[in-house]
Structure formats: C-alpha cells, structure tokens
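There are 2 protein chains.
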Amino acid sequence: MEVLKERILKEGKYLGGGILKVDSFINHQVDAQLTMLLGREFARRFGYLKPTKVLTAEISGIAPALATAFALDVPLLYARKTRPITMPEDAYREVAPSHTKGKVIELLVSPEFLGPEERVLIIDDFLASGQTIMALVRIVQKAGATLVGIGAAIEKAFEGGRELLEPLGVPIESLVVIERFEDGKIIFQEP
Amino acid sequence: MEVLKERILKEGKYLGGGILKVDSFINHQVDAQLTMLLGREFARRFGYLKPTKVLTAEISGIAPALATAFALDVPLLYARKTRPITMPEDAYREVAPSHTKGKVIELLVSPEFLGPEERVLIIDDFLASGQTIMALVRIVQKAGATLVGIGAAIEKAFEGGRELLEPLGVPIESLVVIERFEDGKIIFQEP
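Taken in order, these protein sequences are the chains called A and B. According to our numbering, the first sequence is numbered sequentially starting from 1174. According to our numbering, the second sequence is numbered sequentially starting from 1174.
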C-alpha cells in the first residue's frame, strides 16, 4: 500500500534491534484519515471471506481494527490484557511472549462475544514474531469460531511471523512488508 | 444522544457499586458504526472551537477519540499507560487514581506530539470521577497547549467529575448523562 510505505519512509525511524518507531502516525499519535484508509483496504482484501467480527489485541491494534470493522460493517472485539471487573471469570485466556515489552502478556476475551457461529478476521498494527496473533488464534479456536484471515498494517518479514501463521491455512495480508533494515534504512519487499 | 441512550437501556447492565457494564458495544466489543456516529456528534459539538488534536487515554478512549479525530480531520493522540521503548524518557507523565482498577494509573505523552501551538480536545468513553481526564488536562497544561473542550460518551453525574472539571472554564459535553441507578435501573438526566 503505497501511501503507508511513503509515510513510513517519511516518518518511521529505525531504532536498532528490529524496532521501528512509527508513533507519529500509528501507535501513539494516530493519523485518523490514514487509519480509515487502512481499514478500507483490509475490507477490500478480506470482504469476500464474509467475516462477522474483527478481533485484535489492545492497545495499538484497536485503531486499524476499528477502521476495518467499520468498513466491513461488523463489530470489533479487542482482547484485554488485564481483566476488567465487568469481564466474567471464565474468560478465554491465552498468553504470548512480547519481545518489545520483554515479558509475557496475557490476552482475555469474554465468551459472551465470541461463539462458534463467528467468522473472525484478526487485524493488528504489526506482524513481527506472530506470537500475539497466534495467541488470538488460540482464543478463536477455543471459542470454536472460524478464523477466516489475518491482516497486519506493517509486516517485519525477518521476524518469522508469517512462517508461524501460514500453517493455519488462511489468507495473511500485510499492507506493507519490510524485508530488512540496512544501515538504518528501511528496505521494503517488492511485490 | 438518543441512539446511545437506547443502546445503554438495551444492553447496559448495572453491576452495583456505580459500575455500568457496556462491554458489548463500548469497551470490549465495540460497535464500529455507533462509534463513528459518536465521533461525528462530538465533531458537531466541538468543531467551532477549531481543535488541532484529539487527546485520550488508552485503552477504552481510543475508539471514540479516533472517530472524533476522523470527523474533525485532525490527529488522535493517546496517552500511554506504560512507556514503550519508542517513547523518549522526557515524556510528560501524570498519575491518576482509578477507582475501577483500585490503583494509581500512570499517563505518558511524548513531547514530540504535544506543543504550545496545539488546541486540544479531550475525548473519553466515560466521565465519572474525572480523575483520568484531569491528569490529561495537566499534561496539556505542562505542554503549554490550549485545552479547548472535554467530551465523554457516557457521564455518571453522581461521581463528581463535572464539578472537578468545570473550573477549567471549557465546554464539557457528554452524549448521555446517567443521573443515578435505582433498583438496578438506569435513570438518565433529562435535558
């Protein structure tokens, strides 16, 4: 997706250690117009699979997933990382290692909103190691729901996430794919 | 806002202790179409103040604040509760007591995205005690930016937030106001 690629080249900063800083438009400050465009693009790519729900993980997945849910006209469901007092105790619970946070994160989804009848599209801001998305997939499986696809705004191809997720046999779509960082420069994968 | 009132009456559950469960459409599952309507309504009410940025706190403020930022065609900025490795160490930092979490929460905003030239509209899902919003206000003040207004989707009038915020002298708009809970029923404030 050219508009996202250009924005990453303009404002993204490579901090070393595989970390790309995009917090001027993705995950601290958020470009609302761009986000809605990302959502429309995800809807264009996944609409034929007739998802009934978009699932993401708080926090930075919420904006692109909301935009996608809006474009698809389905609800958004975001996994919580801490259990709010309004969540039943029998919530689906999975854990994932987070290499950017250096610890294990917990993901919780209430069974009230995820049942066997759902066709679930998972959307996140990044596809890196794929561990967070895999934890969401396990929640979808526990609920007996159908996973129909996985979308990420930015994929870091060198972190192995796609290889982890491909055996699931569903379409995986990233709007831009970063092949590698080289001398602090961002090298995109050419289609 | 009638459509939000009806939804709360249909799906909101009063759990006691002043806690209203709205996680089927606001803060776990999110009704994307409704959220965009909330954003449009906030934009209608605050547009004349010419905000240049919408500020909220992660997590549940993100959806309504993104919708508002989109409708106003300005960026969204959400305060983080933990410092990501991409955030500079001199970030603005304020704390607020959270009665639903029973602890103190930290709010962090990078000075990169909040300067004296900004006209800031604060948007959140709930206005209850007002403590979280007040912490955001202190961040706006630290940055030397101008606070132009405060909007919340749902106000719980009996928790004193409005009284706390009114001395700031900016418009405070809630899309629905709950006056009290009575025998488990939700009583809205009539305009």
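Please note that a few of the clues may not be correct.
If chains are identical, the list can't say which one is meant, so a pair holds when it fits in one copy or spans any two.
Claimed, not checked - Straight-line C-alpha distance at most 27 Å; calculated BS3-like pairs for lysine-lysine: (1) 1194 to 1276; (2) 1186 to 1223; (3) 1276 to 1186; (4) 1194 to 1223; (5) 1315 to 1194; (6) 1358 to 1315; (7) 1178 to 1194; (8) 1194 to 1254; (9) 1358 to 1178; (10) 1223 to 1358; (11) 1194 to 1358; (12) 1276 to 1254; (13) 1178 to 1315; (14) 1194 to 1183; (15) 1276 to 1178; (16) 1276 to 1223; (17) 1358 to 1183; (18) 1186 to 1358; (19) 1254 to 1358; (20) 1276 to 1183.
Quick caveat, the hints were computed from the structure, so don't treat them as lab data. These figures come from a predicted structure and were not determined experimentally.
So, going through the hints one by one against the coordinates:
1. Taking CA atoms no more than 27 Å apart as the test, residue 1194 paired with residue 1276 passes inside one copy only; the shortest distance there is 20 Å, against 30 Å between copies.
2. For a Cα distance limit of 27 Å, the shortest separation of residue 1186 from residue 1223 qualifies neither inside one copy, at 36 Å, nor across copies, at 30 Å.
3. Taking the shortest alpha-carbon separations for residue 1276 and residue 1186, only the intra-copy value of 24 Å comes in at or below 27 Å, while the best inter-copy value is 35 Å.
4. For the homomeric pair residue 1194 and residue 1223, neither the shortest alpha-carbon distance inside one copy (33 Å) nor that between copies (29 Å) is at most 27 Å.
5. Proximity of residue 1315 to residue 1194 under the C-alpha cut-off of 27 Å is restricted to the inter-copy arrangement: shortest distance 24 Å between copies versus 34 Å within a copy.
6. Proximity of residue 1358 and residue 1315 under a CA criterion of 27 Å is satisfied in neither setting, with 41 Å inside one chain copy and 35 Å between copies.
7. Taking CA atoms no more than 27 Å apart as the test, residue 1178 paired with residue 1194 passes inside one copy only; the shortest distance there is 14 Å, against 40 Å between copies.
8. For the identical chains of this complex, residue 1194 and residue 1254 are neighbours both inside a copy (22 Å) and across copies (18 Å), given an alpha-carbon limit of 27 Å.
9. Within a single copy, residue 1358 and residue 1178 get their C-alpha atoms as close as 13 Å, which meets the 27 Å cut-off; across copies the closest is 51 Å, which misses it.
10. Neither within a single protomer nor between protomers do residue 1223 and residue 1358 lie at most 27 Å apart by alpha-carbon distance, with minima of 38 Å and 37 Å respectively.
11. Taking CA atoms no more than 27 Å apart as the test, residue 1194 paired with residue 1358 passes inside one copy only; the shortest distance there is 13 Å, against 47 Å between copies.
12. In this assembly of identical chains, the alpha carbons of residue 1276 and residue 1254 lie at most 27 Å apart whether taken from the same copy (13 Å) or from different copies (16 Å).
13. In this assembly of identical chains, residue 1178 and residue 1315 lie within 27 Å of each other by CA distance neither inside one copy nor across copies; the values are 36 Å within and 34 Å between.
14. Proximity of residue 1194 to residue 1183 under the C-alpha cut-off of 27 Å is restricted to the intra-copy arrangement: shortest distance 12 Å within a copy versus 42 Å between copies.
15. Proximity of residue 1276 to residue 1178 under the C-alpha cut-off of 27 Å is found in neither arrangement, the shortest distances being 30 Å within a copy and 41 Å between copies.
16. Neither within a single protomer nor between protomers do residue 1276 and residue 1223 lie at most 27 Å apart by alpha-carbon distance, with minima of 35 Å and 42 Å respectively.
17. Taking CA atoms no more than 27 Å apart as the test, residue 1358 paired with residue 1183 passes inside one copy only; the shortest distance there is 11 Å, against 53 Å between copies.
18. In this assembly of identical chains, residue 1186 and residue 1358 lie within 27 Å of each other by CA distance solely inside one copy; the values are 9 Å within and 51 Å between copies.
19. Taking CA atoms no more than 27 Å apart as the test, residue 1254 paired with residue 1358 passes in neither setting, with 33 Å inside one copy and 30 Å between copies.
20. For a Cα distance limit of 27 Å, the shortest separation of residue 1276 from residue 1183 qualifies neither inside one copy, at 31 Å, nor across copies, at 40 Å.
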